[in-house]
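Read top to bottom, the protein sequences are chains A and B. Position 143 of the first sequence, counting from 1, maps to 143 under my numbering, and the rest follow consecutively. Whatever position you read off the second sequence (first residue = 1), add 344 for my numbering.
Keep in mind the hints are simulated off the structure, nothing from the lab. Treat the hints with care, since some could be wrong.
[Said to hold, decoys possible] On the chain B side, residues computed to face chain A include the following (Cβ under 7 Å):
#1 470
#2 472
#3 485
#4 560
Just so you know, even glycine gets a beta-carbon here, dropped at the ideal spot from N, CA and C.
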Amino acid sequence: MIELKNITKSFGEGASAVKALDDITLKVPSGAIYGVVGASGAGKSTLIRCVNLLERPSSGDVLVNGQNLVKMNDRELRQTRRDIGMIFQHFNLLSSRTVYDNIALPLELAGKSKAEIHEAIEPLLQLTGLDEKRQSYPSQLSGGQKQRVAIARALASKPAVLLCDEATSALDPKTTNAILQLLKDINKQLGITILLITHEMEVVKSICDRVAILHGGRLIEENAVEQFFIQPQTEIAREFVRSALHEKQPAELEADFHKEPREGSRPVVRISFMGHSAVEPLITQAARQFNVDISILQADMETVHGNRMGFLTAELIGDEAATQAATNYLQQHPVQVEVLGYVN
Amino acid sequence: MSTDAWLLLGSALWETVYMVALSGAMSFLFGIPLGVLLYSTREGNILQSPLTNQLLGAVVNAARSVPFIILMVAIIPLTRLLTGTSIGTTAAIVPLTLASIPFVARIAEGALNEVPGGLVEAAESMGATPLQIISRVLLPEALPGLIHGITLTLVTLVSYSAMAGAIGGGGLGDLGIRYGYHRFDGVIMAATVIVLIILVQLIQMAGDHLHRKFDHS
Ligand SMILES: Nc1ncnc2c1ncn2[C@@H]1O[C@H](COP(=O)(O)OP(=O)(O)OP(=O)(O)O)[C@@H](O)[C@H]1O
Ligand SMILES: [Mg+2]
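With the rest of the complex left out, here is chain A (with noise of 0.2 Å):
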């Protein structure tokens, strides 16, 4: 388990210091995938490599497995980091060291005899489909193999914690699903917890079982990833939310779109549902007993954390009274309504 309490990062100081992280205090259960997502300079770099402190916080403490890692002298500091992988958007490999070598290293640095170290590997290899490159060198690796030999390295010391700074970012997208299927597997089986951070929403939502969002340094909303989905805080995480989804804006798909009500208004919502709740049956049912029209402007199913879920965007034609009656009948079944704003 990974806890964060009230870290603060400042770079430089003075007038010209920037604070790269703001008071964040955030909790990795045991076992799960947990990504954070930001925009470029949010700070998830920084934020990842104070866990196992590449960078040290100016103020807060690194909880990882319940031991401070702030508390530690170089020692004791090096021996923990042993037991957190990380993995890197470049990947990091050793350009002079064959496959095998590179998955070595930490075990080397360990201390580890060649039979330990033979016996570690060998699984490794098999784990992440390397078999036949062990004596290749990263150079005539592609992308994807190189990051697939990082994470066997990562895995070497056999940590308790993975973490992965944009591990996909430097991937085409048929190679980032195979790696972060790779991840996946390697949570089941490990029973590793991963903390990842990406700027791409839809590595949350293949294989993140929480989401943290990063904003300017501070974490502005934290959730489950299905619930996130459905229900998104902030204009922030709904602008993420809308990206993963290709979800359209309101104002995209209805030119006169406002947020606040007016004289005659009428409501355009998002509707969100699990992929089993039946849908089509309610939302008929809600028209005909409400009078109103429900336009839907919009349609989308998507698998997010392995649910099938229903996006829906409608425009809602009745007068206000039926509208929010339609409105509040079916916020009472299994499916997430949400006003995003009104129409003329």
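Here the structure of chain A is known, so what remains is to put chain B with the ligands in place on it, guided by the hints.
Relative to chain A, chain B with the ligands alone:
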């Protein structure tokens, strides 16, 4: 060329190889660790210590700005202390070594600077000690660059050793000056130059070969 001339050429070649090899070995022995120190004490690097870095840098720069010919004369007392004499091939090794140490140090520092910072970071994330980072990551990754630098140093030493030879150090330079310049023996002069060219060529070829062998990037 007479048999005598061939013999002269042979022993001069041997003296040059002896001077270059020994002063080369000594300057790598001291210069590479100095380069590692220059690199690792720099701000933001694994043993950062700006004061040490500036101090070392100043000493290295000062040593590099002294012209070789002056250095050679200036350190005669030291040379005498170390070798018991101030002339001859063995004596020449002292100034040659002293002149190349800062050169090698800067070259090693440059080769280490070429190693991507991410590799050091990755090693740190694995719990490597600074010494392990130097021995397991930095030096192996900088090896191709170091081989380039070593080759360059050896070639430079060949020409410096010719200069050292001119003040009684022996070797090919000495032979060329004594016969070619003082006795107007054009044949020996030309032969000396040809042997020097071949020697440098061989060093370069060996260096390139090793570079290819160790460069996997
Ligand atoms: N070593 C540093 N020195 C000074 N400022 C830094 C340093 N590292 C990061 N910053 C600043 O901290 C802020 C957060 O940077 P960070 O690299 O954590 O962002 P990020 O979310 O990872 O962005 P990206 O998606 O572009 O990688 C930025 O304003 C950046 O300029
Ligand atoms: Mg980053």
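We went through each hint and held it up to the structure:
1. The closest approach between the C-beta of residue 470/B and any C-beta of chain A is roughly 4 Å, which is under the 7 Å cut-off, so the hint is satisfied.
2. For residue 472/B, the shortest C-beta to C-beta distance to chain A is roughly 5 Å, which falls under 7 Å, so the interface hint holds.
3. A cut of 7 Å between beta carbons decides the hint on residue 485/B: the least distance to chain A is about 5 Å, and the hint holds.
4. Annotation: interface hint on residue 560/B holds; nearest CB of chain A at approximately 4 Å, less than 7 Å.
In this structure, none of the earlier numbered hints is contradicted; all agree with it.
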